[in-house]
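> Each chain, written out:
2 protein chains.
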Amino acid sequence: MIANGTLPHRAVVEHLVRQAVYQRLGRALPTPATGPNPLVVNVSARHCHLTQDTVETLFGKGHQLTVHKWLYQEGQFAAKETLTLIGPRSRVISNLRILGPCRNLNQVELAYTDGIALGFELPLRISGNIKGTLGCMLMGPAGFFEMPEGVIRALRHVHMSPDDASFYGVKAGEEMKLKIGGPCGLSLEKMLVRVDKSFKLEVHIDTDEGNACNLQPETPCELIS
Amino acid sequence: MIANGTLPHRAVVEHLVRQAVYQRLGRALPTPATGPNPLVVNVSARHCHLTQDTVETLFGKGHQLTVHKWLYQEGQFAAKETLTLIGPRSRVISNLRILGPCRNLNQVELAYTDGIALGFELPLRISGNIKGTLGCMLMGPAGFFEMPEGVIRALRHVHMSPDDASFYGVKAGEEMKLKIGGPCGLSLEKMLVRVDKSFKLEVHIDTDEGNACNLQPETPCELIS
Chain B
1186 MIANGTLPHR AVVEHLVRQA VYQRLGRALP TPATGPNPLV VNVSARHCHL
1236 TQDTVETLFG KGHQLTVHKW LYQEGQFAAK ETLTLIGPRS RVISNLRILG
1286 PCRNLNQVEL AYTDGIALGF ELPLRISGNI KGTLGCMLMG PAGFFEMPEG
1336 VIRALRHVHM SPDDASFYGV KAGEEMKLKI GGPCGLSLEK MLVRVDKSFK
1386 LEVHIDTDEG NACNLQPETP CELIS
Chain C
1186 MIANGTLPHR AVVEHLVRQA VYQRLGRALP TPATGPNPLV VNVSARHCHL
1236 TQDTVETLFG KGHQLTVHKW LYQEGQFAAK ETLTLIGPRS RVISNLRILG
1286 PCRNLNQVEL AYTDGIALGF ELPLRISGNI KGTLGCMLMG PAGFFEMPEG
1336 VIRALRHVHM SPDDASFYGV KAGEEMKLKI GGPCGLSLEK MLVRVDKSFK
1386 LEVHIDTDEG NACNLQPETP CELIS
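Chains B and C are the protein sequences, given in the same order. Numbering-wise (this note's numbering), the first sequence opens with residue 1186 and increments by one. Numbering-wise (this note's numbering), the second sequence opens with residue 1186 and increments by one.
Wrong hints could be hidden among the right ones.
Since the list gives no way to pick one copy over another, a pair counts as held whenever it fits inside one copy or between any two copies.
[Said to hold, decoys possible] Simulated pairs of lysine-lysine, DSS-like, Cα-Cα distance not exceeding 30 Å:
hint: 1; residue 1: K1382; residue 2: K1265
hint: 2; residue 1: K1265; residue 2: K1356
hint: 3; residue 1: K1375; residue 2: K1362
In case anyone wonders, no lab produced these hints; they're calculated from the structure. As the structure is a computational prediction, the values presented were derived from the model and not from experiment.
When you get a sec, could you build the whole thing from the sequences and use the hints?
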């Protein structure tokens, strides 16, 4: 396994190569390439965030999440552990991926397609704001956990550093647009800006959004403020 | 069952009411409401079009498709009959709806999510242009049909009459944009314009697109040329 952070992301390499090539050619960089950081757009499949207590209820006393794949945001990972989710109408989603490290709340992030499969309307919420949302039953190899609330469709958002925010002329809490190119391109509106020193410039779109435009690694994407 | 065309579509009623209310108030109509026809946006789930021969192979000699639900385009219907599709990697989609009336070609229109479930990359094609695409096996109660080609993700398109085309200032074969509002709105690019005297103004989006923006009956939509 590759340790977290030892290899730069494809987008970072492309960003550097693009800058070098344009400089060599003595030509002006296209606007998106002049930013301090490359824009990375990743598709997030449905997943959940759990507390350490919940992990232990589901996987056994003292169990620690293990890394399946490091994600683009520093220190975040897809865990090897997956769950079975039993929805409010007793319908099931298997192999729900857990993202680590553990947080101080339990939250399940689904796409609307998953909500339809489970048979109820998902509330659209900012990650972390789960008050009054429906819950579900989670099933792991060591037990069940009845999650009283926290099943949401996460509001679209973009992670960025203060440098990126200043480059795009936006502030935390404002909204941007993500234009995705290609033969069935689209523009996602109302993308909430989240700013933190630790954030790399990244948009997570969900599987519905990714499949609506058939997002591929080479599909051009542009953030518009 | 309501016979085809006896009741106007909700959008038509809304269009008329909106025009009457604004006139009553002595206020100018918002631009989309000044068009000759209301814009209808419907989500099309995966479906297929079949020839009469194929229907007979699958459902028995002399079988005629029966109407489950009339669609917005005049004379088009979702049939009661559904099929099982067996993909090139032996994975299955059940209850694939047939749209009637029969056509002179066999074509299956899936969303990219379905393509992923079946395990292959769907080609993006204008409906009817299926040359060189992958086929599949179709299974009905009376037999199998090996479809040599025709499994596609249909290119986005908008149906309109010559009056609508002239209102929007577009010609057949040109592209428009569909802006869908709401809390997770988006704009679909590269929507092919199809013009025919018989067409009502309508965009079909697929389930991925509909779920990416959680399209509801009251979601505002606007066609932009």
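> Could you run down the list of hints and mark each one as holding or not?
Going through the hints against the structure:
1. Proximity of K1382 and K1265 under a CA criterion of 30 Å is satisfied intra-copy only: 28 Å inside one chain copy versus 57 Å between copies.
2. Taking the shortest Cα distances, K1265 and K1356 never come within 30 Å of each other, neither inside one copy (35 Å) nor across copies (53 Å).
3. For the homomeric pair K1375 and K1362, the shortest alpha-carbon distances inside one copy (6 Å) and between copies (17 Å) are both at most 30 Å.
Of the numbered hints given earlier, the model fails hint 2 alone.
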